[in-house]
Structure formats: C-alpha cells, structure tokens
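Asks: Protein chains in written order, with the working numbering: chain A, 24 to 294; chain B, 24 to 294; chain C, 24 to 294; chain D, 24 to 294.
By construction, these hints were calculated from the structure, which means they are not laboratory data. As the structure is a prediction and not an experimental result, all values here were calculated from the model. Ideal Cβ positions, reconstructed from N, Cα and C, are used throughout, including at glycine. A couple of the hints might just be wrong.
What the hints assert, rightly or not - Cut-off 25 Å, straight-line C-alpha distance, at most; resulting in silico cross-link-like pairs (SDA-like, lysine to any residue):
no., chain 1, residue 1, chain 2, residue 2
1, C, K252, A, Q178
2, A, K252, D, C250
3, B, K288, A, G263
4, C, K183, A, S251
5, D, K225, D, D134
6, C, K183, A, G153
7, C, K288, D, C250
8, A, K288, B, D63
9, C, K183, A, E154
10, C, K288, D, I260
11, C, K288, D, K252
12, C, K183, A, P147
13, D, K288, C, G263
14, A, K288, B, E38
15, A, K252, D, K252
16, D, K288, C, E37
17, C, K183, A, W156
18, B, K252, C, M243
19, A, K183, A, D63
20, C, K252, D, L181
21, D, K288, C, P273
22, C, K288, D, R190
23, D, K225, C, P273
24, D, K183, B, D63
What the hints assert, rightly or not - Computed spacing ranges between beta-carbons, pair by pair:
no., chain 1, residue 1, chain 2, residue 2, range
25, A, A25, C, L181, 38 to 44 Å
26, B, H129, A, I293, 32 to 38 Å
27, D, A25, A, E221, 55 to 61 Å
28, C, N216, A, L248, 39 to 45 Å
29, B, R215, D, W186, 19 to 25 Å
Number of protein chains: 4
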Amino acid sequence: MATFDFNGKRIYFEEYGQGRPLVILNGIMMSCASWKEFIDPLSECNRLLLLDLLDQGKSARMDGPYEQAVQAEVVLALLDHLKIGRACLVGISYGGEVAQRFAIDHPDRVDRLVLFNTTPRTGPWLGDIGEGWNLAARDPESYYYATIPVIYSPQFYLSKNDWMTRRHEALHAVFSNQDFIRAMIRLTDSARNYDVTEDLHKIAAPTLVVSCREDYLTPMAEQELICSKIPNSKHVILPGSGHASMYEQPLLFTALTLGFCNTSKTEYQIT
Amino acid sequence: MATFDFNGKRIYFEEYGQGRPLVILNGIMMSCASWKEFIDPLSECNRLLLLDLLDQGKSARMDGPYEQAVQAEVVLALLDHLKIGRACLVGISYGGEVAQRFAIDHPDRVDRLVLFNTTPRTGPWLGDIGEGWNLAARDPESYYYATIPVIYSPQFYLSKNDWMTRRHEALHAVFSNQDFIRAMIRLTDSARNYDVTEDLHKIAAPTLVVSCREDYLTPMAEQELICSKIPNSKHVILPGSGHASMYEQPLLFTALTLGFCNTSKTEYQIT
Amino acid sequence: MATFDFNGKRIYFEEYGQGRPLVILNGIMMSCASWKEFIDPLSECNRLLLLDLLDQGKSARMDGPYEQAVQAEVVLALLDHLKIGRACLVGISYGGEVAQRFAIDHPDRVDRLVLFNTTPRTGPWLGDIGEGWNLAARDPESYYYATIPVIYSPQFYLSKNDWMTRRHEALHAVFSNQDFIRAMIRLTDSARNYDVTEDLHKIAAPTLVVSCREDYLTPMAEQELICSKIPNSKHVILPGSGHASMYEQPLLFTALTLGFCNTSKTEYQIT
Amino acid sequence: MATFDFNGKRIYFEEYGQGRPLVILNGIMMSCASWKEFIDPLSECNRLLLLDLLDQGKSARMDGPYEQAVQAEVVLALLDHLKIGRACLVGISYGGEVAQRFAIDHPDRVDRLVLFNTTPRTGPWLGDIGEGWNLAARDPESYYYATIPVIYSPQFYLSKNDWMTRRHEALHAVFSNQDFIRAMIRLTDSARNYDVTEDLHKIAAPTLVVSCREDYLTPMAEQELICSKIPNSKHVILPGSGHASMYEQPLLFTALTLGFCNTSKTEYQIT
Numbered sequence: 024m025a026t027f028d029f030n031g032k033r034i035y036f037e038e039y040g041q042g043r044p045l046v047i048l049n050g051i052m053m054s055c056a057s058w059k060e061f062i063d064p065l066s067e068c069n070r071l072l073l074l075d076l077l078d079q080g081k082s083a084r085m086d087g088p089y090e091q092a093v094q095a096e097v098v099l100a101l102l103d104h105l106k107i108g109r110a111c112l113v114g115i116s117y118g119g120e121v122a123q124r125f126a127i128d129h130p131d132r133v134d135r136l137v138l139f140n141t142t143p144r145t146g147p148w149l150g151d152i153g154e155g156w157n158l159a160a161r162d163p164e165s166y167y168y169a170t171i172p173v174i175y176s177p178q179f180y181l182s183k184n185d186w187m188t189r190r191h192e193a194l195h196a197v198f199s200n201q202d203f204i205r206a207m208i209r210l211t212d213s214a215r216n217y218d219v220t221e222d223l224h225k226i227a228a229p230t231l232v233v234s235c236r237e238d239y240l241t242p243m244a245e246q247e248l249i250c251s252k253i254p255n256s257k258h259v260i261l262p263g264s265g266h267a268s269m270y271e272q273p274l275l276f277t278a279l280t281l282g283f284c285n286t287s288k289t290e291y292q293i294t
Numbered sequence: 024m025a026t027f028d029f030n031g032k033r034i035y036f037e038e039y040g041q042g043r044p045l046v047i048l049n050g051i052m053m054s055c056a057s058w059k060e061f062i063d064p065l066s067e068c069n070r071l072l073l074l075d076l077l078d079q080g081k082s083a084r085m086d087g088p089y090e091q092a093v094q095a096e097v098v099l100a101l102l103d104h105l106k107i108g109r110a111c112l113v114g115i116s117y118g119g120e121v122a123q124r125f126a127i128d129h130p131d132r133v134d135r136l137v138l139f140n141t142t143p144r145t146g147p148w149l150g151d152i153g154e155g156w157n158l159a160a161r162d163p164e165s166y167y168y169a170t171i172p173v174i175y176s177p178q179f180y181l182s183k184n185d186w187m188t189r190r191h192e193a194l195h196a197v198f199s200n201q202d203f204i205r206a207m208i209r210l211t212d213s214a215r216n217y218d219v220t221e222d223l224h225k226i227a228a229p230t231l232v233v234s235c236r237e238d239y240l241t242p243m244a245e246q247e248l249i250c251s252k253i254p255n256s257k258h259v260i261l262p263g264s265g266h267a268s269m270y271e272q273p274l275l276f277t278a279l280t281l282g283f284c285n286t287s288k289t290e291y292q293i294t
Numbered sequence: 024m025a026t027f028d029f030n031g032k033r034i035y036f037e038e039y040g041q042g043r044p045l046v047i048l049n050g051i052m053m054s055c056a057s058w059k060e061f062i063d064p065l066s067e068c069n070r071l072l073l074l075d076l077l078d079q080g081k082s083a084r085m086d087g088p089y090e091q092a093v094q095a096e097v098v099l100a101l102l103d104h105l106k107i108g109r110a111c112l113v114g115i116s117y118g119g120e121v122a123q124r125f126a127i128d129h130p131d132r133v134d135r136l137v138l139f140n141t142t143p144r145t146g147p148w149l150g151d152i153g154e155g156w157n158l159a160a161r162d163p164e165s166y167y168y169a170t171i172p173v174i175y176s177p178q179f180y181l182s183k184n185d186w187m188t189r190r191h192e193a194l195h196a197v198f199s200n201q202d203f204i205r206a207m208i209r210l211t212d213s214a215r216n217y218d219v220t221e222d223l224h225k226i227a228a229p230t231l232v233v234s235c236r237e238d239y240l241t242p243m244a245e246q247e248l249i250c251s252k253i254p255n256s257k258h259v260i261l262p263g264s265g266h267a268s269m270y271e272q273p274l275l276f277t278a279l280t281l282g283f284c285n286t287s288k289t290e291y292q293i294t
Numbered sequence: 024m025a026t027f028d029f030n031g032k033r034i035y036f037e038e039y040g041q042g043r044p045l046v047i048l049n050g051i052m053m054s055c056a057s058w059k060e061f062i063d064p065l066s067e068c069n070r071l072l073l074l075d076l077l078d079q080g081k082s083a084r085m086d087g088p089y090e091q092a093v094q095a096e097v098v099l100a101l102l103d104h105l106k107i108g109r110a111c112l113v114g115i116s117y118g119g120e121v122a123q124r125f126a127i128d129h130p131d132r133v134d135r136l137v138l139f140n141t142t143p144r145t146g147p148w149l150g151d152i153g154e155g156w157n158l159a160a161r162d163p164e165s166y167y168y169a170t171i172p173v174i175y176s177p178q179f180y181l182s183k184n185d186w187m188t189r190r191h192e193a194l195h196a197v198f199s200n201q202d203f204i205r206a207m208i209r210l211t212d213s214a215r216n217y218d219v220t221e222d223l224h225k226i227a228a229p230t231l232v233v234s235c236r237e238d239y240l241t242p243m244a245e246q247e248l249i250c251s252k253i254p255n256s257k258h259v260i261l262p263g264s265g266h267a268s269m270y271e272q273p274l275l276f277t278a279l280t281l282g283f284c285n286t287s288k289t290e291y292q293i294t
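Isolated chain A, as found in the complex (with noise of 0.2 Å):
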C-alpha cells in the first residue's frame, strides 16, 4: 500500500490500525501477502507494519550478492520514514536473524522483540540445509521437496493434507517464476556468514523467544542459545508446530505475539 525509497532501491510496506507500532518481518519465503489473515486481529490495538525486505514480495530485487546486516539498514529506514521512535519487532527465522541484529545495533529503537522459529547463526549444518536448496532451484519441484517437508511438521502434513495439496499446486506457480528463484537464492546467501551470538548479550528489550518442538530447520538448542545471551528473554515452547508456526499454530502466534507486546508491566516484584 506504501512504498520508500532506500538506497535507490523500492521498498514496500503495508499499514493498518493505530496504537503501539508492531513490525513484522517475514521469513525468507513470505511477503506482506502471507499476513492476510493475521492483519485484523494484529490491527485491532496496535499500528501493524507488515514489511518486505529486499528481494521479498513487492520490494525492490537486488542486483547480486549481499549480506543480511543489509535488511536490517531496511528496517532503520521504515521506522525513520514512518517517524517511529521505538517499535515492537517480532521476526519469524530469516525475520527473526534480522530482527536480532537490529535489536543489537538499535537497542533504543525496540520496544519488545518476539523471534519465532529463529537463529542466532548459520553454523554449518544450517549452511548445507541452504545450499541444498540453492542447489534444488533449478526447478519448481525440486525446490518444492527441499524446501517444503523441512517448513511444515509431520502432524502438520496429516492433519491438513488437503491444504497442503492446495499449496503443492500453487507454490509450483510461485517457484516457477524466475525472478522468485532467483531472489530466494539471493536471500539464503544473504544469511550465509550470519552469526550474532557473541552479540546478543546487547539487547536489552524484553524479548520472548518461541521454540516449536517439531521444528527441524531452527531446532530448539538454536532458540535456548538465544535464550542463554539475552539477559531479558523468555522461553516458550510450542510442542503441536514445525517450523511454520504462524501457519501450523495461527492463534498461538497472535496470542504470543499480541501478549508480550501490549502487556503493559514487564518486571514484577514478586513478594
């Protein structure tokens, strides 16, 4: 619905409601599309950002190699085009990676910090996971078996077959475009030399950090690595999920997330 411009480069943003500003930014596959269903409850009491980082949804494509550190220059911009002084950011994975170094870099720029499904790094496990999917993006479907099974959990893919029937067909679409590929490929190199662990301890926003037990692309010891770093964190699990939490688990992810943003009190004094 908006755009600005950022180094020459488009990007785009959408904007719905009022009240404490909430920024979400997607994973590596999403865009301010995956959110349709997400904006009213998110809208209802806080100003909802939905953002696409470069080489997502309807932002600009880049020319060729970059690091991730880039993205999180992309958000500074959003809050400072916007006049946003601090900001609730939740990041879902790749998102989430972003959402960390710009809590390090910008600590007085968060107000709360929610990370889904995320890393502190891309050790070498994680690095051979993505260059499996470079590797398949030759075509839609390989692309399809590397990327998809890892997203989704087991119980997921039972549960809802017939969804995932659905999405097979339209995420052909999607991955036979080109310039889609392309860009995902971009993405996940962007995230290859990603580490910000010895950093962490510099993020001073309350922040909740959620686990899902049958995540198998950001597993459980990356989130309590997180947890270990970040003085203010809380741990949550969800056991029902994969890694797609908003999808497998939508109304744990709003509740989650709309919780630990608006709750006025964060230190309690127990007594």
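Please build the complex by placing chains B, C and D on the supplied structure of chain A, with the hints as guidance.
Replies: Chains B, C and D only, in chain A's frame:
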C-alpha cells in the same frame, strides 16, 4: 472489596478495570491477595475479577468436608451476581480444576478458558501427595517442607534464594494459623474424587493449556491428556518454570493470559 | 564374505563370532562396509550377521520397482540358509522398517527386536522427503545436500566438522556412481507404501525402541507410535544424536544393542 | 553373605558370579535385599557385588552424624578387602553420589561408571525435600507419603496400583522400625553438604548417565549438569520412568548396565 452470599456463605471478590471479563481462579494456597503484582496489567483492558473460593482468603470457611464441584457453583454465583453472561476463566492448579468443571457444566458462560499447571483428575499419585500434605499439616515447618519444594522448581530455588528465605518466614506464620491449615486440609480433601477426564470433550471455548517443564505436582502428561480431550485447545510449554508459574514466570503468565483472552480472532483460514 | 541365492538374486552377507545370532539390517545408504568399527564389539559374545539387502552394498541390484516387503523375505532366506531358528534383529531406519515387517510376519523367528531411528509408516511428510531425495539424485552434490543434513544433527556437524568435510568428499564419489544412485532411488521408492502401524501388535519379542532427540527424518513421535502398539516394548531416548545414531553415538549404539539382546532375563517380578 | 570391618564397623556385602567386577551402590532406602530380581542377570557374565553402605541393610548403624564422603571410603575398603583393582561402579541416586565421589577420588579404581537418577549436588531445593523427609520421619504413614510419591512416577502408580498397595503395607512395617528410620535420617543428613560439581572433570572412566523423564527428585537438569562436566560421558533418557528406574524399568536397568559395562570397545573411529 466486595462480597455476596452463596447458600448462606460469604464469598469475597475484587473487581478492577473495564472490558471483557476475566475471572481468576486461585490455586489451593492462594487468595485474592496473591495477585497484587498482577492487578495493573490484567485490568488495563479487562474487567478483572479476583475470587476467593470457599475456604480461601476472605471467603467463608466450611464446616466439614465437601466436593470440589461446589466451587464451580461459586463461580456461577459470582457471574450471576454481577450479571455477567460470559467470561474468560483463568484457572491455576486447583483453580484450573474448578475452571474445567465450570466449563463442562456451563459451556455457554465461558468465553475463553486458560488453564495453568492443572490436571483433569486426582489420580492415585496426586492423591498420595495430598495425603502427605494433610499429614504434614500438624506443624508449620512440616507443612512448609511438604508443599513448597513440590511447588517451586529447583532452578527458582537457586535463582531466588533470598526471596525463598523470606517466603519461608512469611509462610511459617501463615501455616501456624490453624484456621488456615484446616481450610487447606478441606480444600485438599475436596479434590480427592475429582475426575473430569471423560467430560472434557464438552468444553467448547477456545482453551489455552499451559504446561511447565519443571512442574512436579501436575506434570506435563496431565496437560497432554487435557489437550487430547478438549477439541479447541492449544498447548504451550514454559521450559523455565515449576508448578507456580505465575510467580516463576510472571511476565509470561500475564502475556499468555492477556494474549489468549483478548485476541479477537480464534479461527484462521490458512490459505 | 559369503553369498546365497534369493530368487535368482545374489545376496551378500558377512558373519563373525559365535553365540546368540544378531542380524543387523542396514539403513538405506548403508551396507556391510558401514560396520567396520562395530564388528569387534558386536561379535565378541555373539554370532554377528551383517547383511546387504537387495540394492545395497554387494547384493544384487534390482531391475525395476518393488515393494519393501521383499526385503523381509531376504532376511528369512538368510536365516533359513544358515539354519538359524531365532535371531535378534537390529534394524536402523529403513532396516528397522524391514525388521518390523519381519517380526510381524515371522514372530517365531525373532528373539529380540532392536529398532533405531525408524518409523512404522511412510506418511505424506516422509514421502515428500523421499521425493526430494529422488529429484536430487540427478547430480552428486544435490544428493549430498538433500540427504546429509537430514541424517546428521547440527551438533554433530559442529563437533565433527573435519570428519564431515572428509565425508563430503568420499560421498561425492559414491553419489557419482549411477549404479549406486539408481539403487538408492529404488530403495526409497520401495518404502513409499510402507505402513505396518496396524500390525505392530503382532510383534511378540521383547523390543527396544531407540529415539534420538535431534532425529529430523524419523522424529520421536514415530517411535512413540511404535511403542504404543508393540506390547512388550521399551523406549530409550538419546538426547545427543541425530538420525545416524550409530555414527553419532557409537558406544551407546553398541551398549544398547548388546545389553538388550544379551540380557538373559526380560521379565521381572517387582516385589 | 559376607562382611568385613571398616574402622570398627561391620560392612555387609554379597557376591555372585564371575567376570568383570560390578559394584552396585544403593539408593538411600535400598539394601542388598532390593536386588533379588536382578542377581541372576547381573551375575551371568560378571562378578556382581552388592553392598550395604553404612546405615543401610545389614551393615552397621552409625552413632551420630557424618559426611557422605565416608561411604566412598567404604567402597574403597570393599575393593581392597577383595583385592579388586578396578571395578565397574553402578550408582543409584544416593549411591550415584557416592559413586561420583569415589570416581573423583580414585579414578584408577574405576573401570566404567554408570549413574542412574542422581545429582552432583544437594542444592537448596533438594535440601528442603530432605528436610521434609526427616520431619515426616516421626510416624510411618507420614514418611510413606513424604517419600514414595517423589520416588515413583504417576504412570507407575496407575499401571501398578496393586503392587503399590502391597508395597504401602510392607513399607508401613519398615518405616515403623525406629532403627531403620534413624538410619534414614542420618543418611539424608549425610548428603546435605554434598557438592562435587567442580570435581567431576576428574572422572576419567567412560560414564553412562541415565535420566528419567518423570524423575521429580533428581530431575533431568541435574544429569545434564553431570554430562557437561564429565569428559567421557554418554547420556540416555528413559521416558517411561520416575526416580526408581530399577523398579519401573527393570529390563532397561539391566540392559543399560550390562551393555555399557561389558562392551569391550569404548572408542570408535568413525570413518
């Protein structure tokens, strides 16, 4: 702050704020006074109702043994007294048992159900723990050591050692009060025959079930059983908490409660 | 070291030691050659039988598609060939599927059953992973990145990085062999319709089921399902291992296998 | 069956079978008599040594308070008495504490170390539980209800309800014995200052650490701590057991003990 009559017994409750009604049902040793730190955040957008069940806090003491089911009638009487059609029920431990019973008997009066650290039944194991508590009730120190290590996690003992020491002193005084102790014995006994497992399927309200990984009084298998029976239930695990999650993780207690009760949208079409 | 004929196909096996027979059934990419480090301890008190299933190692290649059930007949043929009445079966992943099928069809031939990292069925999720493997089979690097990160845990990647690098080189050569790759595709396809869930109750032998907490190919829910169906089953979890538990935790693999197979007493009267 | 003198105190032990020595160190309430069902399988290929520590079973009662460290000297005296150079030590709970202390002080005397349901320290939480046990020691029923529900899992209570009922009667008689109860109090007190956390790195023997998911007396975090400190340790979790794993999972107790102690090869070159 207010009372009403329930079959000749005085029931004490407190009321704060405005908005969607939120009724908190106490764990066995708790009372309205336990919620001091939570009143502000829980009443910011909600009509918060704290309630002392029979034999709790400032409500009437009972003369002899009774079944826990009567406590669900107390909740009904509160809603009728205040002419509240539907409310969100938040039950902790014993209060969660009462909440389940109420939601089974009066599904049309429950808007959302939130269950922290509770069980659908008093099995032989939990029954033996209760027996041990009642035998230890003859002196305050025995009662302290019988109940407190089952309620707080080893990690909380380590990280809040000073607070635990002060709490020991405070509870020594409380447990020296024979009136309190006799009420505790009756409350414990009232749950002896509790078992709603086969009726849980009647609960229609969206339900959030919270487990704590270090809960050694109502362990996670109990909440998994609840979730397998309530059709519209969602399950969340707090890895860093024992049975007393409201004290061990107060921010998560508040965030989960407010997030789940106040989210406008509970059904999502994932497309 | 030895072969026998199975319906005109050559089956290769190796035999070591004396004592209670122990038959190892390989995971999908494995062969007799995978067990070099284990031969000594596993044959110290046992008659150890390593077996290449059809399309594995030095056994015959198949001409076209087949059902996995034929592999259970290979196991039967091996026992008949050696005139072994009953044996302990140890199955890993695909070999565990074969072992379950065999124990269902020939309960009188199974002494003890040990199942590592396996599943009772190829559900839609595992089916999609297999599809992805087969699509990646067109070049060795794609096959490496499609299969290896699902088999080894992130922690193993970190702690054994040098070993993983050497293994990458070795596997590149293996995966460049078209004969090997076509056999892998057939093996994967042979398990597509596998589902013994409803027959598991027929397994009478004392059964040890081993789960690994970081197993993202046959996750723990699958082994919980197995244990819920096999009457005389025991469940153990290895927290520090991915799918390839024999390589990630070789000492525990050996200890669990020998301990469970060689213990003389399986029924205990607790008094 | 045999005794020896330890500083003027009689120490009772039993010896069965031949082979690699296996010394079992009892949990706090246990004695040589607890192992009746296990003698056959554990002595089939091993020289099995059952030992009553001071204040246990048929060994001498102590006159006053002592530190648990003296029990490790009893173990040393047993090995010296029998002229056994190195033995496998299997310690359960309190016996596991003694085993850790012994392995730290006498690394050259330990062949393999197996630790079931134990802890490296008596922290404030476990200290409070011990305090509660000692206060409950004044009458047999209080002692029963204080100790038994912490030792057996809810699931075991459900599945072995008849056995638990008979056990209640038997233990009532045991707990009515003042000599036994006073010994129990001293044993509990002897562990009050126990903390070997900072010395665990000195343990050189291959070590198997067994956690039980329903162990609410020495919860899994304690064994994770042990594993993080002992260099050559392996960790296994039994999901279907409480603290008394030898009774709840006797076959797994035997299989794990024999498998880990008798495996000839503990180092594997994964190639």
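Asks: Determine for every hint whether it applies to the structure shown.
Replies: Verification of the hints:
A distance of roughly 18 Å separates the Cα atoms of K252 of chain C and Q178 of chain A; the hinted pair therefore holds under the 25 Å criterion. Annotation: proposed proximity of K252 of chain A to C250 of chain D holds, straight-line Cα distance about 21 Å (limit 25 Å). In summary, the hint linking K288 of chain B to G263 of chain A is supported, as the alpha carbons are separated by about 20 Å, within the 25 Å threshold. Taken as a hint, the K183 of chain C and S251 of chain A pair is honoured in the structure, with Cα atoms around 24 Å apart against an allowance of 25 Å.
Pair hint K225 of chain D plus D134 of chain D holds up; C-alpha atoms about 14 Å apart against a cutoff of 25 Å. At most 25 Å may separate the alpha-carbon atoms for a hinted pair to count; K183 of chain C and G153 of chain A meet this at roughly 19 Å. For the proposed pair K288 of chain C and C250 of chain D, the alpha carbon gap of about 29 Å is over 25 Å, so the pair is violated. Simply put, K288 of chain A and D63 of chain B have alpha-carbon atoms about 8 Å apart, close enough for the 25 Å limit, and the pair holds.
At roughly 19 Å between alpha-carbon atoms, K183 of chain C and E154 of chain A fall within 25 Å of each other, so this suggested pair holds. The straight-line distance between the Cα atoms of K288 of chain C and I260 of chain D is roughly 22 Å, inside the 25 Å bound, and the hint therefore holds. Simply put, K288 of chain C and K252 of chain D have alpha-carbon atoms about 34 Å apart, too far for the 25 Å limit, and the pair is violated. A threshold of 25 Å between alpha carbons decides the hint, and for K183 of chain C with P147 of chain A the separation of about 11 Å falls inside it, so the pair holds.
For the proposed pair K288 of chain D and G263 of chain C, the alpha carbon gap of about 20 Å is at most 25 Å, so the pair holds. Distance hint between K288 of chain A and E38 of chain B is fulfilled; the C-alpha atoms sit about 19 Å from each other, no more than 25 Å. Restraint check: the Cα-Cα separation between K252 of chain A and K252 of chain D comes to about 21 Å, which is no more than 25 Å; the hinted pair holds. Distance restraint check for K288 of chain D and E37 of chain C: the Cα-Cα separation of roughly 20 Å lies within the 25 Å cut-off, and the hinted pair is therefore satisfied.
In summary, the hint linking K183 of chain C to W156 of chain A is supported, as the alpha carbons are separated by about 23 Å, within the 25 Å threshold. A threshold of 25 Å between alpha carbons decides the hint, and for K252 of chain B with M243 of chain C the separation of about 22 Å falls inside it, so the pair holds. The hinted pair formed by K183 of chain A and D63 of chain A meets the criterion: a straight-line CA distance of about 23 Å does not exceed 25 Å. In summary, the hint linking K252 of chain C to L181 of chain D is supported, as the alpha carbons are separated by about 19 Å, within the 25 Å threshold.
For the hint linking K288 of chain D to P273 of chain C, the alpha-carbon distance of about 10 Å falls within 25 Å, and the restraint holds. Restraint check for K288 of chain C and R190 of chain D: the C-alpha separation of about 23 Å stays at or below 25 Å, so the hint holds. The suggested pairing of K225 of chain D with P273 of chain C holds, with an alpha-carbon distance near 23 Å, which does not exceed 25 Å. Using a Cα cut-off of 25 Å, the hinted pair K183 of chain D and D63 of chain B is violated, with the two alpha carbons roughly 48 Å apart.
The hint said 38 to 44 Å for the Cβ distance between A25 of chain A and L181 of chain C, and at roughly 43 Å that hint holds. One distance hint, 32 to 38 Å for the beta-carbon pair H129 of chain B and I293 of chain A, holds here, with the actual separation near 33 Å. Restraint check, A25 of chain D to E221 of chain A: a C-beta distance of roughly 59 Å satisfies the suggested window 55 to 61 Å. Look at N216 of chain C against L248 of chain A: about 40 Å separates their beta carbons, and that is inside 39 to 45 Å.
A C-beta distance of roughly 22 Å is found between R215 of chain B and W186 of chain D, which places it inside the suggested range of 19 to 25 Å.
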